[in-house]
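Construct all of the structure, not just a fragment, from the sequences and the given hints.
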Amino acid sequence: MSLDIVSLDIVQMVLVTVLTAATPLILAGIGELVVERSGVLNLGVEGMMVLGAAAAFAVATQTGSTGLGALGGAGAGLLLAALFGVLTVGLAANQVASGLALTILGLGLSGLVGAGYVGMKRDPAPHLHLPGLTDLPGIGRLLFGHDAFVYAALLLVVGVWWFLWRTRAGLILRAVGDDHTATHALGLKVRKVRFLAVLFGGACAGLAGAYLSLAYTPFWAPAMTAGRGWIALALVVFASWQPLRVAAGALLFGGATVLQLHAQAAGLGLPGQLLSALPYLATILALVLLSLGRRRGGSLAPAALGRVFAPSR
Amino acid sequence: MAAASAAPAPRGGPTPLFGAYGIVKRFGAFTANDGVDLEIRAGEIHALLGENGAGKSTLMKILYGLLEPTEGVVTHQGDIVRLANPEAARALGIGMVFQLFSLCENLTVAENIALVMPAALTGRALAERIARLGADYGLHLDPARPVWSLSAGERQRIEIVRCLLQNPKLVILDEPTSVLTPGEAEALFAVLERLRDEGRALLYISHRLDEVRRLCTRATILRGGRVVGTCDPRAESARSLAAMMVGTGVSGVRPKSVGGSRGERLVLDRLTLPAPGLHGTPLRDIALRVAGGEILGIAGIAGNGQAELFDALSGESRAPAAGAVRLDGRAAGHLGINARRRLGAAFVPEERNGHAAVPPMSLSENALLSRHATAPLTRFGLLRLGAARALARRLIDAFDVRGAGPDPAAGTLSGGNLQKFVVGREILAEPGILVINQPTWGVDAAAAARIRQAVLDLAGRGSAVVVISQDLDELFEIADSIAVLHAGALSRPVPTGATSRAALGLLMGGVGEPETQTGEPPAAPAIRTAAPVL
Amino acid sequence: MRLDLLPRARRSPWLDLLAPALAFLAAVLIGGIAVAILGVPPGQAFLTYFVAPLSEVWSLQEVALKAAPLALIATGLAFCYRANLWNIGAEGQYVAGGLAGGWVAVAAHGSQGPTVWILPAMLLAGTLAGIAYAMIPALLRVRLGVSEILTSLMLVYVAQLLLDYMVRGPLRDPQGYNFPQSVSFEDAARLPLLMEGESLHAGVLISGLAIALAALVLARTLFGFEVRAVGASPRAARFAGFSDARLTLAVFAISGGAAGLAGICEVAGRIGQLQPEISPGYGFTAIIVAFLGRLSPPGILLAALVIALTTIGGEGAQIDLKLPLDLTRAFQGLLLGLVLGADVLTRYHVRIVPGGAGAKVTP
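Residue numbers (my numbering), protein chains in the order written: chain A, 6 to 318; chain B, 7 to 540; chain C, 2 to 364.
Possibly wrong hints are sitting among the right ones.
For the chain C half of the interface with chain B, some residues (derived, Cβ under 10 Å), not all of them [unchecked claim]:
1. 58
2. 225
3. 226
4. 230
None of these hints come from the bench; they were simulated from the model.
The model shown is predicted, which means the values in this text are computed figures rather than measured ones.
Ideal Cβ placement from N, Cα and C applies to all residues, glycine included.
This is the structure:
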């Protein structure tokens, strides 16, 4: 009997690590989903995430509060996103180049902000503990034992879904991302909607970074996001711009990374690099399938994604 | 803002629902509306007739608040009102159904309608209202269908429902039947008559005479920015309406060219192509034969297939059968544009900035653009820039192209000079076949004269020329025979001396179905849609 | 408050030159403020970043060695970007080239007989591998309409992971004490040095030649004309008879080949063996260089030198002034952002319209 509980606990442990690995991807991915649904391609996610991580750690260490740290991280991501928004939405600059510029700027700034905090440690973000529930064997920690970030991520997924498909503001955002010419002709404020979406995406990316430095590994190290921002971009496409699929995909992608470590520990023969490459290959495959299976005339991607909108009035 | 004073007195009958008096609208030196009066009464379908450039669009935009007049007033129930923007127009009960739909393809019908509805009306309540309206007017719509899966007629229904949900007193319809099948047009007419019976006013903008005579009890006809007549279209004959629309002035006709025929050089044989997109025009069984030394003019109001015909002739659209297009006897329907150039054809498209020429590039580079396959301007893939410059120089001298410096950027030239360059570039190649779309649109008189003379001279040397033009005067001046393009079908060419503006106007207005060369009714192909790129 | 963008009827050439220069000045100013906040006199920092690297032979060489691959990759990218095709996988194409060429070196390692063919074979293999790797996003775009942005980006990671696997596995040096690296290449598999005892190698020459060739092609061949026309007016390019699909494949091949060549030059030049990291982000930095250089080879050359200069200068500043390397990175990102913003001003009149709602629709 004790063997059952032990193996159950091992399974739970693995699942917990999958969920925590997925959390930053969910946070950044859901933010980027909203941005892309409004028609803007933000390649600066990585920069916003890493700056958020640095800022969050700095603020949390200075104030002693994880909550303020998280706010600081989200705020940093939002500020960087505001620059991106001014360039691409306000001045109709090239979105690819602007996003890359902001990634590099974010990486640089994060190093500057986090310079004084390398090597410092602080307590990880507090985890939920409901007496009785959290201690349940096999599922207690998985369901009731996470930190606030994880629950926030899951709530965000549901919240964004509800916003986009159940509110008028969300409808307008989707319409703007589908056809900025038509919505502009109807008198809707295309650029305002896009700018707000960009800010939201930046805040989410910053929050994802904050999770990394405050909860996942509670310390700051330079470039600690390790390309998760790019994975979040892939994730949004892989999920065909649907929030619930973002969560599912993040679990897959996060799971792939974690499972790769477990597999290596267990001595499986597959090269670790192949497992690590799976998310990227899977995204390419998903893109190909999306194109092959595209309904005649319909488009799963926001039709105006990446297109320049430069109104002369 | 409304002022009750100084509104002009209405003429004939009770106070009109909406009126426009003394409307003048200038864009710089160009006057689009020159003292236009218009009165629209409740329970009336009022036609606004005219060719392109007559001023219909401008007047319509003024009535919908998209433009404000330079002079003149708009009145509502006799009170002067100011329509500063579409919201103000909508507040007064003016609704508009645009020619180009403002619809998001990947959203559903209900979602598209909800975009302009007040926030309170959503979800099931909205779906119910749409269903009720649909049952009421026969405008059936499935609220859950995505727009991309709908036909043009169905999409127009969304626009109309969107408009009707705001309970308008005046509905402006801009060329509504241009994308509809005959069946869909009938359904639309039923709806419009129903709206009229409810006491609303409708302003029906069109150039199709049979529709106007069927639907409308009053018509205002514009030409050259002025009102040339108001009448009851039912009391008029189609011929008199057409005459008012295009004018009856006798134009000088050029004598037949001395060059003499050299046999048929350009032949289109039952060319049928589906519309290139939702707002394109299909080509139906087009047949034409142009002999050497002959200039065929193709008249027609814009949007009736001119661009599609040009693309089919130039090779930017390939024909379904190689033999559908024959250049000097050789089958060319499957050939691209440079292969056709090598067969001796040359082409001048309508748009000089961005299609015929690249604005930021110099004239010598633009000479390369269309001549690299037919002139010795490259060697082993390398450009011979000296030769290109020499060619540009010859063009500039021969056609009096004026610009800053020896090799200016095309975008810095005036319209007339760039057009001279673009036309001259093709003519200097001495093509056996020349196709020009709108040779002198937006060009000053001197340049226009130069261009027309160059075209005449080319024909005089034995080339076959096709001139597609919206300017009837121009066609009467240079064409040997004229055919009319309407809704993608081409009428049988008639010698210029044997026709009149009024007769052409009838055909341009769609009266008298153009017969094809074979005498059979033209085929109606399906629409092909382009797959979007992710 | 509203920002209106009215397209300029004609571009003024002096504004085209002035805009990036102004952007550069603004970036330097902001950078000066940043270093002042960090407690370093701005004038001294400027000298260390921009002037010091030019003052000694070894640092000049370092600048050249860093600028060469950047300029080469960026020149290839310029062909893609001018045609509005967003290849951001140059880093992956670079790695593919380094890996393929390095594999040739490892395979030929220790072979008896003539060795003169080894280096050319490596360079060729690297270039071809880069081309082949770039064909994947190109074909997906042409055949299926798949976004090249995402496919080329994903393939970067695949290439890096492939290199990692090869270097730790099949290509690992058996006498290398289990370190993840290949054998050190023999002399025949290394790019020759240009001067005895110095570090400048022939890769710089190769880059220079390739850039000059690219400039020639862009300005003086029909193909280059096609690339320029497609970017300026796609409709006019079709009027000229140029084919979209053929052009897409061609420009991807060029940028992939350039990146692959840069990769093998770096591996055969500076590094001398295969290891998991063969690029300090050249593929991504080259994107910045391409835009800074306004997508034209002379501009790219200048931009590559500026970026290389500030990178080397940053390393010097780290040692001499205790300024972090991240400052350089932040400066480079800021510079690109400002150049992009300034570029907008050359293409549009920007008009700020005060006041609130009630926007008018222009016909």
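Against the structure, the hints come out as follows:
The closest approach between the C-beta of residue 58 of chain C and any C-beta of chain B is roughly 39 Å, which is over the 10 Å cut-off, so the hint fails. Taking 10 Å as the C-beta cut-off, the interface hint given for residue 225 of chain C holds, the closest approach to chain B being about 8 Å. For residue 226 of chain C, the interface hint holds, the least distance from its beta-carbon to any beta-carbon of chain B being 6 Å, beneath 10 Å. Hint status for residue 230 of chain C relative to chain B: holds, with the closest Cβ pair at about 6 Å, below 10 Å.
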